[in-house]
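Engineer: We have chain X already, so just place chain L on it with the hints.
Number of protein chains: 2
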Amino acid sequence: MTKKEFELTDHLKLIGTDNLPEIKEGDALTSLFFDALKEKKLKLEDGDAIVFTSKIVSKSEGRVVDLSGVKPGSDAERIAKELDKDARIVQLILSETKEIVRAERNVIIVETKEGFVCANAGVDESNVEEDKAVLLPEDAQRSASRLKKEIEERSEKEISVLISDSFGRAFRDGVTGICIGVSGIPALLDRRGEEDRFGKIARITKEAVADEICAAANLVMGEFKEGIPIVIVRGLKLKRSEGDIKEVLFNREDDFFR
Amino acid sequence: MTKKEFELTDHLKLIGTDNLPEIKEGDALTSLFFDALKEKKLKLEDGDAIVFTSKIVSKSEGRVVDLSGVKPGSDAERIAKELDKDARIVQLILSETKEIVRAERNVIIVETKEGFVCANAGVDESNVEEDKAVLLPEDAQRSASRLKKEIEERSEKEISVLISDSFGRAFRDGVTGICIGVSGIPALLDRRGEEDRFGKIARITKEAVADEICAAANLVMGEFKEGIPIVIVRGLKLKRSEGDIKEVLFNREDDFFR
Numbered sequence: 166m167t168k169k170e171f172e173l174t175d176h177l178k179l180i181g182t183d184n185l186p187e188i189k190e191g192d193a194l195t196s197l198f199f200d201a202l203k204e205k206k207l208k209l210e211d212g213d214a215i216v217f218t219s220k221i222v223s224k225s226e227g228r229v230v231d232l233s234g235v236k237p238g239s240d241a242e243r244i245a246k247e248l249d250k251d252a253r254i255v256q257l258i259l260s261e262t263k264e265i266v267r268a269e270r271n272v273i274i275v276e277t278k279e280g281f282v283c284a285n286a287g288v289d290e291s292n293v294e295e296d297k298a299v300l301l302p303e304d305a306q307r308s309a310s311r312l313k314k315e316i317e318e319r320s321e322k323e324i325s326v327l328i329s330d331s332f333g334r335a336f337r338d339g340v341t342g343i344c345i346g347v348s349g350i351p352a353l354l355d356r357r358g359e360e361d362r363f364g365k366i367a368r369i370t371k372e373a374v375a376d377e378i379c380a381a382a383n384l385v386m387g388e389f390k391e392g393i394p395i396v397i398v399r400g401l402k403l404k405r406s407e408g409d410i411k412e413v414l415f416n417r418e419d420d421f422f423r
Numbered sequence: 166m167t168k169k170e171f172e173l174t175d176h177l178k179l180i181g182t183d184n185l186p187e188i189k190e191g192d193a194l195t196s197l198f199f200d201a202l203k204e205k206k207l208k209l210e211d212g213d214a215i216v217f218t219s220k221i222v223s224k225s226e227g228r229v230v231d232l233s234g235v236k237p238g239s240d241a242e243r244i245a246k247e248l249d250k251d252a253r254i255v256q257l258i259l260s261e262t263k264e265i266v267r268a269e270r271n272v273i274i275v276e277t278k279e280g281f282v283c284a285n286a287g288v289d290e291s292n293v294e295e296d297k298a299v300l301l302p303e304d305a306q307r308s309a310s311r312l313k314k315e316i317e318e319r320s321e322k323e324i325s326v327l328i329s330d331s332f333g334r335a336f337r338d339g340v341t342g343i344c345i346g347v348s349g350i351p352a353l354l355d356r357r358g359e360e361d362r363f364g365k366i367a368r369i370t371k372e373a374v375a376d377e378i379c380a381a382a383n384l385v386m387g388e389f390k391e392g393i394p395i396v397i398v399r400g401l402k403l404k405r406s407e408g409d410i411k412e413v414l415f416n417r418e419d420d421f422f423r
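The listed protein sequences derive, respectively, from chains X and L. The opening residue of the first sequence carries number 166 in the working numbering; numbering runs sequentially from there. The opening residue of the second sequence carries number 166 in the working numbering; numbering runs sequentially from there.
Next up, chain X with everything else stripped away, as it sits in the complex (with noise of 0.2 Å):
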């Protein structure tokens, strides 16, 4: 039995979206981007996955958070002082937190209430004004499937919508893009059963492709992120699918490295 999930496709392009306005709460999104589409005389293509870097999203949804108006609780000032970090910060990210993973140097890895597992529960302090911090959108998928939704109807096209963060990694130093909202199309590719170029089944392949899209877009995006907030990546043959980050996430039994 060979499930066709996937059609081979030798050309993929990126391409990025540099002339969107500072977003603010409130902003509609999905009308700046097609403003800018229109500025560039960009058609959206049935297909075309869209990558919102996480920090417009979260803006326009309001998750900028004034410290001068956080109190810190006791386990935040504790935690701060043995980390020599801004109690203020501390207290966000707790606030963002179910489960502290690891808090070590300057870093506090946590698992998120959304279930992400990332350092600072992705609070941000770069790309905003002095004093203010940028928290994770509260609901990321969601965020995907309403931009999803906004943007098909205005288009006409059927596309996928991705919401990228940048996290680091085990193992390996520095940060990539990965997906923490997707619909439109699968997070994860499964691919066990189909057969491989000598007849044999694979076993254990499952490909994360919301989290490869989402790293490629980091590419154009860079690091900085809102020079190139969007990013259309065209090419791509996935099935439609409703799509759900929850496909990555680990349960906790079954995730080698908690």
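Some hints could be false.
For identical chains, the list gives no copy identity; a pair is met inside one copy or between any two copies.
[Stated by the list, open to error] With a straight-line cut-off of 25 Å between C-alpha atoms, the simulated BS3-like cross-links for lysine-lysine are:
id, residue 1, residue 2
1, K206, K178
2, K371, K297
3, K371, K250
4, K246, K297
5, K263, K278
6, K236, K178
7, K404, K178
None of these hints come from the bench; they were simulated from the model. All values reported here derive from a predicted model rather than from experimental measurement.
Structural biologist: Just chain L now, with coordinates in the frame of chain X:
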């Protein structure tokens, strides 16, 4: 002080070469690659990053092992029994291993002699004849340097070469393309010291661009690889660099998860 290691690019193109023959020991990959380019009427350009799947590099370097010739030692026999694996495969894994990181369920996660933390030391039974297994290249960094040199000599273009494999990750299900050898660009883009849009200085951002390039290429290669074993990534604006995959490998004491 702003370091300028990176320029934003708003267009990136991935071009797969699907017209290579089945690779055998001793095959000159560079010649076969140029034959494939010629057939497709493709020409290399300055700045191209050329991603080779490790599988064809291994095959050309004779890293295919006939399992009938493998004699498992007592450690291999014991682990094979515990994990319900083929003892000959376990023997191959142990021969490639510096240290076992985890051995649970059907998987042995090791640090290879080259320093890569991955499942089964990269020993792979897919895309090869029955009763054979493919090992990772003996020194993928050296292979990348050699291929880069050969391709630059023949093309007279400044290019980079990356050798990719698919590894699983901690905390997230599914494999993604990652880099095991890179020459011509940095493995890790160190962006500390650069200013963000608000003039703030980035503190911890090192971007694992070589891994992101291999993840992107994997979307074109697909998980069974050898349909499209070489992908050209065009449009990157990375600085030239000797490049060494060891840049992304943590010192043991810097790795939170070991």
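Engineer: Among all the numbered hints in the text so far, which are the ones the structure does not match?
Structural biologist: 6
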